[in-house]
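**Student:** Between the sequences and the hints, there should be enough to build the whole structure, so can you do that?
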Amino acid sequence: MAQYLLSFFAALVIGVVFNSSIKVVSGGDQAIVEGLNGRHRTLKPGVRYILPFLEKIVHYDTTRERFIDIKPQEVITGDNTPLTVDAVVFWKIEDIEKSYYEVEQVEDSISNLVLTTLRAKIATIEMRELFSSINEINDLLLKTLDEATGNWGIKVIRVNLQSVTPPAAIMKSMEQEKAAENKKRAEISIARSEAEAIEILSKSLQIPPNSREFIQYMIAKQYVEAHHKLSASNNSKIIFMNPGELNEAIGNLMEDDFEGGPREGSGSRKLKIVKPEMSKKSDDNIGNSAS
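Residue 253 in my numbering sits at position 253 of the sequence shown, and the numbers go up by one each step.
Mixed in with the good hints, there may be bad ones.
Straight-line Cα separation of at most 35 Å, DSBU-like style, residue types lysine-lysine; simulated pairs [to be verified]:
(1) K143 <-> K92
(2) K203 <-> K229
(3) K71 <-> K98
(4) K183 <-> K203
(5) K203 <-> K221
(6) K71 <-> K155
(7) K92 <-> K71
(8) K143 <-> K44
(9) K183 <-> K221
(10) K184 <-> K203
(11) K155 <-> K92
(12) K184 <-> K221
(13) K155 <-> K98
(14) K98 <-> K56
(15) K92 <-> K44
(16) K183 <-> K121
(17) K44 <-> K71
(18) K98 <-> K44
(19) K229 <-> K184
(20) K56 <-> K92
(21) K121 <-> K71
(22) K178 <-> K121
(23) K178 <-> K229
(24) K71 <-> K143
(25) K56 <-> K44
(26) K155 <-> K143
(27) K56 <-> K23
(28) K56 <-> K155
(29) K121 <-> K155
(30) K98 <-> K23
(31) K23 <-> K44
Bear in mind the hints are in silico, worked out from the structure with no lab data behind them.
**Tutor:** Below is the structure:
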């Protein structure tokens, strides 16, 4: 009976030892094994064996790509403007032994390096130039991190500056500046269109655009258009003017446009032209018409 018990316990011990010596490393992962003599080795993905009681796994990590989301931090630009920036770093382990023995807290070390580089670079850029320099900042971060983490067994794949947030007052000022710039571009576009229209009209009239005749024509045209808009409603209007101040071109167009009587479809529109030289009797008539 004792012999059977001894055999059972021997088999149990062998089973436990054998089971503890077999290690399965998942795909995309690696493990570091240390021995009693201080030597270490790396276990690659697959079924691996270690020496029971003599070796143990001290570190297990993945070699897949991962990211670190840098918490929003306040930085100062070259023109002393405070900003809040947020970045994300994509990286992976290339040498698990270096990442374990050469540096402590890999993610914290990467985060600190990103923040240090960000503050140093943004401090050399003015606020106005910052948004156009984001790609340059990303490239600098990637280069700096790649050089610094090479000895850590780390590969930084890319760095993205996700957001740059100025204070609310500066944001409002930037929006107003952008609106003013858009308005300026629109006005320039309108001015160019009007210049092209004047050039086309000048060619059709065969009159140089800077000649006296063409300028008189344009003044008269705008004058008549203004009176047409003024008389567009059904309300009675009184227009005071001094015909002596009008040039001949305006007078001719006025004569053609107003003395010919109301046009068809004009309804009950009324347009009265009153000269300042009118007699008192005319002034009384004006007052009656206005009432």
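**Student:** Taking the hints in turn, state whether each one holds.
**Tutor:** Each hint tested on the structure:
1. As the CA atoms of K143 and K92 are separated by approximately 15 Å, the hinted pair is consistent with the 35 Å bound.
2. Between K203 and K229, the direct Cα distance comes to roughly 27 Å. Compliance with the 35 Å bound is thereby established for this hinted pair.
3. For the hint pairing K71 with K98, the CA-to-CA distance comes to about 26 Å; that is within 35 Å, so the pair holds.
4. Between K183 and K203 the alpha-carbon distance is near 30 Å, which keeps this suggested pair within the 35 Å criterion.
5. At roughly 17 Å between alpha-carbon atoms, K203 and K221 fall within 35 Å of each other, so this suggested pair holds.
6. A distance of roughly 21 Å separates the Cα atoms of K71 and K155; the hinted pair therefore holds under the 35 Å criterion.
7. The suggested pairing of K92 with K71 holds, with an alpha-carbon distance near 20 Å, which does not exceed 35 Å.
8. Proximity of K143 to K44 is assessed by CA-CA distance (about 29 Å); at most 35 Å being required, the pair is judged to hold.
9. Only pairs whose Cα atoms come within 35 Å are accepted, and K183 paired with K221 is accepted, the gap being roughly 27 Å.
10. Proximity of K184 to K203 is assessed by CA-CA distance (about 29 Å); at most 35 Å being required, the pair is judged to hold.
11. Proximity of K155 to K92 is assessed by CA-CA distance (about 5 Å); at most 35 Å being required, the pair is judged to hold.
12. Among the hinted pairs, K184 with K221 is consistent with the structure: their alpha-carbon atoms are about 27 Å apart, no more than 35 Å.
13. At roughly 12 Å between alpha-carbon atoms, K155 and K98 fall within 35 Å of each other, so this suggested pair holds.
14. Distance hint between K98 and K56 is fulfilled; the C-alpha atoms sit about 18 Å from each other, no more than 35 Å.
15. At most 35 Å may separate the alpha-carbon atoms for a hinted pair to count; K92 and K44 meet this at roughly 16 Å.
16. Restraint check for K183 and K121: the C-alpha separation of about 33 Å stays at or below 35 Å, so the hint holds.
17. Among the hinted pairs, K44 with K71 is consistent with the structure: their alpha-carbon atoms are about 34 Å apart, no more than 35 Å.
18. With a C-alpha separation of about 15 Å, the suggested pairing of K98 with K44 holds against the 35 Å cut-off.
19. Distance hint between K229 and K184 is fulfilled; the C-alpha atoms sit about 27 Å from each other, no more than 35 Å.
20. Proposed proximity of K56 and K92 is supported: the alpha carbons are some 24 Å apart, at most 35 Å.
21. In summary, the hint linking K121 to K71 is supported, as the alpha carbons are separated by about 18 Å, within the 35 Å threshold.
22. This hinted pair checks out: K178 and K121 have alpha carbons roughly 26 Å apart, not beyond 35 Å.
23. For the hint pairing K178 with K229, the CA-to-CA distance comes to about 34 Å; that is within 35 Å, so the pair holds.
24. Taking the CA atoms of K71 and K143, the gap is about 21 Å. The hint holds against a cut of 35 Å.
25. At roughly 15 Å between alpha-carbon atoms, K56 and K44 fall within 35 Å of each other, so this suggested pair holds.
26. For the given pair, K155 sits about 11 Å from K143 by alpha-carbon distance, which is consistent with the 35 Å threshold.
27. Between K56 and K23 the CA atoms are separated by roughly 10 Å; this keeps the pair inside 35 Å, and the hint holds.
28. Among the hinted pairs, K56 with K155 is consistent with the structure: their alpha-carbon atoms are about 27 Å apart, no more than 35 Å.
29. Restraint check: the Cα-Cα separation between K121 and K155 comes to about 22 Å, which is no more than 35 Å; the hinted pair holds.
30. For the hint pairing K98 with K23, the CA-to-CA distance comes to about 22 Å; that is within 35 Å, so the pair holds.
31. In summary, the hint linking K23 to K44 is supported, as the alpha carbons are separated by about 10 Å, within the 35 Å threshold.
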